[in-house]
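So the sequences go chain by chain: U and R.
Take the first sequence: its letters are residues 1 to 188, numbered as in my numbering.
Take the second sequence: its letters are residues 189 to 502, numbered as in my numbering.
It should be emphasised that the hints constitute simulated quantities derived from the structure, not laboratory data.
Mixed in with the good hints, there may be bad ones.
Stated by the list, open to error - Pairs of lysine-lysine, DSS-like flavour, derived with a Cα cap of 27 Å:
| id | chain 1 | residue 1 | chain 2 | residue 2 |
| --- | --- | --- | --- | --- |
| 1 | U | K12 | U | K42 |
| 2 | U | K32 | R | K238 |
| 3 | U | K150 | U | K131 |
| 4 | U | K52 | R | K195 |
| 5 | U | K9 | U | K112 |
| 6 | R | K290 | U | K40 |
| 7 | R | K195 | U | K32 |
| 8 | U | K32 | R | K404 |
| 9 | R | K290 | U | K52 |
In case you want the letters, here they are:
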Amino acid sequence: MFSTSDLRKGLKIEIDGQPWVITEFEFCKPGKGTALYRCKMKNMITGGGSEKTYRPSDKIDKPDLSESETYYSYADGDFFVFSDSETYEELRVHKEKMGDKAYFLLEESMCKILFFNGEPIDIELPNFIEKQIIETEPGARGDTATNVTKPATLDNGYELQVPLFINQGDVIKIDTRTGDYVERVNKA
Amino acid sequence: MSSVSIKPDIIRRLEAVRPRLAIRAGLISTIRAFFSANGFLELNTPVVIKAPAPEEYIEAPPGGGGFLRSSPELEMKCMLAAGYEKIFQIGACFRQGEYGRKHRPEFTMLEWYECGAGYMDLARFTENMLCSVAHTLCGGSSLQFNGHNVNLTGAWEYLSVGDAFNKYAGTDMYEALKNDSFDELMVLEIEPRLGLDRPVFLFDYPAERAALARLKPDNENVAERWELYVGGLELANAFSELTCREEQRRRFAASRTWRAAEGYAEYPQNDDFFAALDYGIPESSGCALGIDRLAMVFCDADDISEVTFPVDQT
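Construct all of the structure, not just a fragment, from the sequences and the given hints.
Written out as structure tokens, the structure is:
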């Protein structure tokens, strides 16, 4: 259990069986009144936001969270299989939990998996990966503007916006946190 | 000449806070001059005390062989009983566990008392003082604070706590007390809306929140107490002082019972204060104003750390 004096920005707490991370915290106290601890928080599973105000005597549940460093191994039906870097234990994450991140999984890349009550709830990929463009309109030669974009497709079907000078076969760097194009790595 | 080429954090922070510490120093010297010009005697009561006032939500930290004062109130009231009619002091006060953007466990308080004055006299005095201070320090008639342009020279707003609950929280203040949401509504719904275009005195608190204020003679449901807000920030708390010894004993006893039930420290009884009450504390009013908060307003600071010596949370 946490007491209210533990509350601060970044603390992870449990409310009604859900894990939350405190995104904003403020100590308040009206004149001659009780101390109040205002928390804005984000649900660690759904990403949804909420607010809650605690009083000094309130107790707050501590979530059972753990983190594993893993290497991505292979896809198995609806699951992605990872191998724990220390124990080599196989960890399976359902594709629904992965969302768009599934497009950026590279074999043997190191990923951090966050567990809540033993269930994987979030996965952290390397921030940047390199991928080849397999389909896009031909590049406009000499056009180096990066603010004008066109659609492009990766070999796994993921579609993103790239600058006009990018050609089919180019290798680009992608930010896995946003899914956005960063720069060109190799020209086709 | 120092041979260290990388500035230590404390030096960097002290350099950054300097312009605001200068404004703060200006505030204090201007306030001193104003009180002096108005016939007030400046004094210092002890910082380490034996017996803090038992209050519901205020903790004086143990220290120095006694307690570090959460307020100089009881000692200053002894002085009122001894015939000191207009007194003020500026000094450190302590509140255990209070740490936030607007709170520090150690802070600087301006506290003053005036015999023969009622709480509304003190409101007008406070208005005059802050207008005078603002005029002297910035020559201006308004303050930019917290995204608001707060006009000081026009009429200040007087809003009763009851009206504030109806207007901003959409509920009756006694109803809020009954369902134990008074403080939450005050912090979440009311305070952020107070004093945005001009300072506001929030006055006549319910008797349950009287603290050491006397009840209004013609309506004992409310206490003669106000709080001053500027740009949503609470700056000062004032009372017509409770001078009735029976009522004072009854309130302290109730606070002691509450504190014991909630598991808070038991303070020794302040015998000097009760001796002064028995001897007779004259009709008077007093006000406590947070100097750090006032400096926040004058510096348009969002956090108390911007106007104080840099201290990390312990």
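**Prompt:** Holds or violated: are the alpha carbons of U/K32 and R/K238 at most 27 Å from each other?
**Reply:** Status holds; Cα separation ~21 Å.
**Message:** What's the verdict on U/K12 and U/K42, does the C-alpha distance respect the 27 Å limit or exceed it?
**Reply:** Distance of about 9 Å is within 27 Å: holds.
**Prompt:** Holds or violated: are the alpha carbons of R/K195 and U/K32 at most 27 Å from each other?
**Reply:** 42 Å, violated
**Message:** Checking one constraint from the list: CA of R/K290 to CA of U/K52, max 27 Å. Satisfied?
**Reply:** 19 Å, holds
**Prompt:** Between U/K52 and R/K195, does the CA-CA distance stay at or below 27 Å?
**Reply:** 40 Å, violated
**Prompt:** Holds or violated: are the alpha carbons of U/K150 and U/K131 at most 27 Å from each other?
**Reply:** With Cα atoms ~17 Å apart, U/K150 and U/K131 stay inside 27 Å; holds.
**Message:** Checking one constraint from the list: CA of U/K9 to CA of U/K112, max 27 Å. Satisfied?
**Reply:** Within the cut-off at roughly 22 Å; holds.
**Request:** Would you check the hint for U/K32 and R/K404, treating anything up to 27 Å between C-alpha atoms as holding?
**Result:** Cα-Cα ~18 Å, so holds.
**Request:** Take the C-alpha atoms of R/K290 and U/K40, compute the straight-line distance between them, and say whether it is at most 27 Å.
**Result:** 18 Å, holds
Taken one by one, the earlier hints fail for this structure at numbers 4, 7, listed in ascending order.
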